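> So the chains spell out like this:
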Amino acid sequence: MAIPPDIKDSIAKVKPLSQSAVRLMSIMADPDHTVAQIAAVVESDPILTGNVLRVVNSPAFGLRAKISTVARAVSYTGGNMVVGLALHLCASGIFNNPLDGYESQRGSLWRHCLFTAIASREIARFSGGKADPEVAYTAGLLHDIGKAVMSAPLGDSARKIVAIADKGEMRDFVAGEAKAVGTDHPEVGEAIAMHWSLPGPLREVIRHHHAPSKAKEEYRTLVYAVHLGDFIAMMSGTGTGADTMLYLLDHDYRNFIDVSAAELEKVILDAGQEYQQVVESMFGSEEEMQ
Amino acid sequence: MGATRTPGQELRTLALGSCVALIMMDPKARCIAMVHVVLPESSIDPARSQKKPGHFADTAVPALLGEMKKLGSDNVGKGMIIKLVGGANVMDPNNTFNIGKRNALAIKKALWKFGMGPRAEDIGGRISRSVSVDVDTGKVKITSPGRDGWEL
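Respectively, the protein sequence lines represent chains L and W. For any residue, its number in the working numbering is found by taking its place in the first sequence, counting from 1, and adding 13. For any residue, its number in the working numbering is found by taking its place in the second sequence, counting from 1, and adding 370.
The calculated lysine-lysine pairs, modelled on BS3-like cross-linking and capped at a C-alpha distance of 25 Å, are: (1) W:K422 <-> L:K279; (2) L:K180 <-> W:K511; (3) L:K180 <-> W:K471; (4) L:K279 <-> W:K479; (5) W:K511 <-> L:K173; (6) W:K439 <-> W:K479; (7) W:K471 <-> L:K279; (8) W:K478 <-> L:K279.
Per label pair, the in silico range of CB-to-CB distance: (9) L:N110 <-> W:D518: 23 to 29 Å; (10) L:D169 <-> W:M461: 27 to 33 Å; (11) W:G519 <-> L:K21: 35 to 41 Å.
A few chain L residues that don't get close to chain W, going by computed Cβ distances all over 10 Å: (12) A25; (13) S88; (14) R138; (15) P166; (16) K229.
Rather than coming from a laboratory, the hints here were simulated on the basis of the structure. If you're wondering where the values come from, they're calculated on a predicted model, not measured in any experiment. By construction, the Cβ of each residue, glycine as well, lies at the ideal position given by its N, Cα and C atoms.
One chain only, chain L, in its complex shape (with noise of 0.2 Å):
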């Protein structure tokens, strides 16, 4: 597949990420990395400094003191969510605006990556350390950045797609748009990572997380991580829209991720809880968080 050239003039024109969140990913990515390299990050950027000190005094959080310090709040909210609070300001185009080609209203992309990071980053414990925990996360708050780029070319046609896969004949939503588009959200996602020059782990989840089994090798558990992630966030009633629910679960996971049923149940409900907490003290609470 090849993407359509009007396509390809809207990845073009995807704004970059700032520097804060670029350098914070290569700081997740780094499994040494130190809260204080972290802390460094935030002070050099006001306007973040102001979304984290906000977050972790939020009612949510449930500290008793205020914070005033980056790195005392650094230290209480982690890396993760700092990496998480930075890709939301500087690619909120990305993650907040409506995508009507999904039937998904603003901000659901947001809260779908968001639950997939959580979920990711727990399944990545049952990977025997070949997927990285936090690089799961970023992984996880990126894997649907294609949909943005995707949701307008398009247009109506989720409803023909959902139509037809409910009737078991289209395999699932990716095939839906790559017949409706000629391409499809990972691949532009795809583009997007290129044009934003994101390390080849992330590229390579935002590629292939429908498709794990055709990562590279090094990268292959990983990938495998975040597409459970993906379903669990899904399962949880945390999609993005039409598609929730419409792709495959690639059976092969188990040669990668050692999770039980049980275990998977852990998950669910840590991850709910966690995904609730950072909303709420995101965006303070909801009437569907009630």
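Using the hints provided, position chain W relative to the given structure of chain L.
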């Protein structure tokens, strides 16, 4: 988990995924209740089931009956109208990810203990459903993005 007998009200639950909405309606006491069940068995996390009995099929059934009783329903048994919605499926031969199917089965098992069973169900498939129940009409409306809504 919610319950009401106030005319004009409805109960809603959003985006079920593999979770199952268990709905109870008592036409005599004119009250309804609904709970969003996440997992089949509370033994996975007994502490959480104390705080959130509705999360687990086995503790959700007695908890929801308790809510109905508070609203004046003593209709345990065949008089209670029960409906199940949700439980979307992931095909997994390892059975690890088939939580939607296991949720629905666990709720039915828990209902049998009280001599009850669902009168209607809309479960399974690759569909993430949202559901609302109207206390006046008892109508159960289901929506899902990319599809026209339907009733159960």
